[in-house]
Amino acid sequence: MGIYLLSLSHKTTPLEVRSLFAYSEETKEQVLEGLLASGWIDEAVVLSTCNRMEIYCHAPDGGKEPAMQALKAMEQEAVKAAKAEAEEDMGRYFRRYHGRQAVHHLFQVATGLDSMVIGEDQILGQVKQAYDFSHERGYCKSYLNTLFRDAVTGAKKVKTDTGLSKTPVSTAGLAIRAAEERLGGLGGKKLMILGATGRIGSIVLKNVQQIPELEIYVTTRSRTSLEKLGHGLRYQAVPYEERYSWLDGMDVVVSATASPHYTLTAHGLRQHLKTDKERVFLDLAVPQDIEKLSVPGFWYYNIEDMAELARQNNERKLAEVPLAGRIIEEYENQYYKWLLYRDSQNLMEEWKSIILRDISEKGAEAAVSRLLYQFREAGTVEEVEHFLAMLDKVKEEERKAARQRPSSPKKKQPSEAKAYFPLFFDLKYRKVLVAGAGKIAARRAEALAEFGAEIQVVAPSGIGQMERLAAQGMVHWEKRCFVPEDVSGCNMVIAATDDARVNREIVRCCRERQILVNHAGDKSQCDFYFPGVAREGNLVVGVTASGKDHKLASEVTGRLQSWLKQLVQG
-5 MGIYLLSLSH KTTPLEVRSL FAYSEETKEQ VLEGLLASGW IDEAVVLSTC
45 NRMEIYCHAP DGGKEPAMQA LKAMEQEAVK AAKAEAEEDM GRYFRRYHGR
95 QAVHHLFQVA TGLDSMVIGE DQILGQVKQA YDFSHERGYC KSYLNTLFRD
145 AVTGAKKVKT DTGLSKTPVS TAGLAIRAAE ERLGGLGGKK LMILGATGRI
195 GSIVLKNVQQ IPELEIYVTT RSRTSLEKLG HGLRYQAVPY EERYSWLDGM
245 DVVVSATASP HYTLTAHGLR QHLKTDKERV FLDLAVPQDI EKLSVPGFWY
295 YNIEDMAELA RQNNERKLAE VPLAGRIIEE YENQYYKWLL YRDSQNLMEE
345 WKSIILRDIS EKGAEAAVSR LLYQFREAGT VEEVEHFLAM LDKVKEEERK
395 AARQRPSSPK KKQPSEAKAY FPLFFDLKYR KVLVAGAGKI AARRAEALAE
445 FGAEIQVVAP SGIGQMERLA AQGMVHWEKR CFVPEDVSGC NMVIAATDDA
495 RVNREIVRCC RERQILVNHA GDKSQCDFYF PGVAREGNLV VGVTASGKDH
545 KLASEVTGRL QSWLKQLVQG
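Those letters in the sequence shown? Residues -5 to 564, by the working numbering.
Keep in mind the hints are simulated off the structure, nothing from the lab.
Quick reminder that beta carbons are idealized off the backbone N, C-alpha and C, glycines included.
It is possible that part of the hints are untrue.
Distance condition first, Cα-Cα at most 27 Å in a straight line; then the derived DSSO-like pairs of lysine-lysine [what the hints assert, rightly or not]:
1. Lys433 with Lys151
2. Lys74 with Lys150
3. Lys433 with Lys331
4. Lys433 with Lys473
5. Lys389 with Lys545
6. Lys5 with Lys153
7. Lys135 with Lys74
8. Lys151 with Lys122
DEER-style ranges, computed between Cβ atoms [to be verified]:
9. Lys387 with Arg143: 21 to 29 Å
10. Arg176 with Ala395: 52 to 60 Å
11. Trp332 with Gly178: 49 to 57 Å
12. Glu82 with His266: 32 to 40 Å
13. Arg502 with Val562: 39 to 47 Å
14. Lys559 with Val477: 41 to 49 Å
15. Ser338 with Ser18: 38 to 46 Å
16. Ala313 with Pro254: 40 to 48 Å
17. Gly132 with Glu390: 36 to 44 Å
18. Glu324 with Val11: 32 to 40 Å
19. Lys268 with Glu324: 54 to 62 Å
Use the sequences and the hints to build the structure in full.
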C-alpha cells in the first residue's frame, strides 16, 4: 500500500518547534509542489494546525528503496519549508507511517481521537480544508481523494452516533473555561479578542455570546473584516492599531491570529497595563501571539497549558472511544477494500473479459457455473469457506434490499412457473442472420441449416466448425463486423458475438424492426430459445427447460433420441 505519512504533533514536539511548521497557504503550496517534483510522490496533502503538522502522500509501490526515498523527500520538504535546516537533529521529532498505519492515523485525527482534546470539533474542518486545498490545486487524485473522503465521512458518523462531541470540547472552549475558573466567572468582566475572524477566534466569539453581562470587544483592521463575522453577534469593534490603549480595562485577552510576529509584546504590555488587577491572557496561536510578562496578576495560558484541562475533559470522553473506534474501523476497511480493487484493476478487467467471452459462447448460466467451479478448485479449504461466507452475506444484503423496495401490484399469472409454448416452423428459404462465429454461433447455425434455413454469418473470424459449414455451402459467411443494416429482411437473428455491447445493439435493432432475436449470452433478451432436438426422419421433438436448466434439457433430449430410434426401427 503506497500511502505515507510524516507527522509532527503535540504528543512528541514542543510548542517552539511546532511553531516553525505553522505553514502559510503559500508555504503549503511550495511543499506540495516540491513533493511532486521529487519524482517519488504522485499525490500529497499537507495538514497544518496549532497542534500538528502532517504530510500525507501516495507513492507507487515498488519495494523498500522507493518507500525510503518517498519518506526522505517528505522530511526534506517539511524542514526546508520551516527554514529549519540549521536546527540540530530535527528528524527526532517526526513520526513516520506507511500503509495501514498511515491510513489508521488519518481516521484517528479526523475523528478527534488523536487530538489534545478528545473529540474536539475543529480538527474535522481542518482536515477537510487541507484536502480541499490540495485537491483544488491538483495535488491529490484518486488514492488520497478516496482516503480523505472516507475519513471525513467516518468522522461525521462518529460525531452523530457517539457522545464525543455532545459537549463543547474545543481548545477554544477549554481556554474560556480556564479564564472563568481563574477569575471566578466572566459575568460583568471585559474580554477582547484579537483575530476574531480566524478559525479559532471566531469559535471563541461564538462561545462567549451566552455569558451574561460579559462585555466583548473585537479588534478589526477594516469594515470588510467585520463582515466576515456575520450578523446576530454582540461585540464592540476596536481598531487593531488602538489595541494597546484598550488593554488596561480588559480582564481577559484572547489572541488567535496567523501573524508570524507578536500581536502583544512585553514592552507594550508594561507600558499600557496600569490598573492593579488580575488579568487572563489566552494565547491560542502557533507561533505564539503574546510575549509572556512576569508580573503579579498576569495569568498567561498558551496551547501547551491546555493539556491538563484537556486531560480532565478526556477522562469523561473515554467511555465513547470504543464505539468511535468500531465506527472508524468500518470506514477504514471500506477504504482498504477499495484500495485492493483499485490496485488489482488490470486483473479485474481481464476477468471481466473472460466472463463476458464465456457468456457469449456458453450462455450466462454456464459461465457463472464455470466461474464458481474455478474458485472452488483454485482456493484452499479456508479460502473457499471465506468465499462461500461472503456469498451468503451478499445474498442476505440482496434479501434486505428486496424487502425494503416498495412492492408493486402483482399481476395475475396464468401459472406459477413460466414456460414457453412449443411451435414448429418451416424454415426452408427463411433468412436467418447469425452474428458471431464461435462455438454457440456455429452450433446454432448448423442446426438451423439442417432444417433448410438460409444462414447469413457475419464475423471477422471464427472457429473451424464455422469454416467447415461455409466450405460445405450450409452458410454464407462474410468476414467482417456486424452493422445494423444486416438485420434487414431477416426472419430471425442470433446474437452470438464475443462482445456483449454488440449483442445488445443487435437486440435493439431487431426489436425496432420486430424481428425475432436470440441473445446467446442473456436469456432475458431472448424472444425464443433453442430447444434440444431429437429427430428420426420426419419425427421431430423439441425440448426446453425455458432457459433455466440446460443440463436437464440435454439429458431429456438424449433419452428421447434413443427412444425415437428404437420406436422407428422397432
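Tell me, in ascending order, the numbers of any earlier hints that this structure violates.
-> 1, 2, 3
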